[in-house]
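Participant: Letter by letter, the sequence shown follows residues 1 to 93 of the UniProt record's numbering.
Hints should not be assumed to be uniformly reliable.
Straight line, CA to CA, 20 Å or less: simulated EDC-like cross-link-like pairs of lysine to aspartate or glutamate [stated by the list, open to error]:
| # | residue 1 | residue 2 |
| --- | --- | --- |
| 1 | K3 | E19 |
| 2 | K16 | E28 |
| 3 | K35 | D93 |
| 4 | K78 | D62 |
| 5 | K32 | D15 |
| 6 | K78 | E14 |
| 7 | K78 | E19 |
| 8 | K16 | D29 |
Derived by calculation from the structure, the hints in this document are not laboratory data.
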Amino acid sequence: MPKATARHILVSTEDKCLELKAQIEAGEDFAKIAKANSTCPSGQQGGDLGSFGPGQMVREFDTVVFSAPVNTLQGPVKTQFGYHLLEVTSRQD
Numbered sequence: 001m002p003k004a005t006a007r008h009i010l011v012s013t014e015d016k017c018l019e020l021k022a023q024i025e026a027g028e029d030f031a032k033i034a035k036a037n038s039t040c041p042s043g044q045q046g047g048d049l050g051s052f053g054p055g056q057m058v059r060e061f062d063t064v065v066f067s068a069p070v071n072t073l074q075g076p077v078k079t080q081f082g083y084h085l086l087e088v089t090s091r092q093d
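Start from the sequences and build out the full structure, keeping to the hints where you can.
Facilitator: Here it is, written out as structure tokens:
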């Protein structure tokens, strides 16, 4: 079964998500931005979600995690929880 590890930042608006994405793309640290801005409890661990398989996250999130290139910033990804920036840190198919 495929497994992935990922980290993410969850915010309530697309504008905020895009603002944070620009900061990360400009070289700011993903984990620090997650700790300061993410509304998900994982933010306190720098956005780290640990290891999980398909179907364990909401569909929109799952689709990106199991298709995006590893170590590339993705988002905004809209789910029922808000807007996510996410990065797949590893994946085993």
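Participant: Are the Cα atoms of K78 and E14 separated by 20 Å or less?
Facilitator: holds (8 Å)
Participant: Holds or violated: K78 with E19, Cα cutoff 20 Å?
Facilitator: holds (15 Å)
Participant: If you draw a straight line from the CA of K35 to the CA of D93, is it 20 Å or shorter?
Facilitator: Outside the cut-off at roughly 30 Å; violated.
Participant: Given the hinted pair K78 and D62, is their Cα-Cα distance within 20 Å?
Facilitator: Holds. K78 to D62 sits at ~12 Å (cutoff 20 Å).
Participant: Within a Cα-Cα threshold of 20 Å, do K32 and D15 meet the stated pairing?
Facilitator: Within the cut-off at roughly 19 Å; holds.
Participant: Next pair to validate is K16 with D29; report whether the Cα-Cα distance is within 20 Å.
Facilitator: Given pair K16, D29 holds - Cα atoms ~16 Å apart, limit 20 Å.
Participant: Going straight from one Cα to the other, do K3 and E19 come out at no more than 20 Å?
Facilitator: It is violated: about 30 Å lies between the C-alpha atoms, which goes past 20 Å.
Participant: Verify the proposed pairing of K16 with E28, using a straight-line Cα cut of 20 Å.
Facilitator: holds (15 Å)
The structure fails hints 1 and 3 (numbered hints given earlier, in ascending order).
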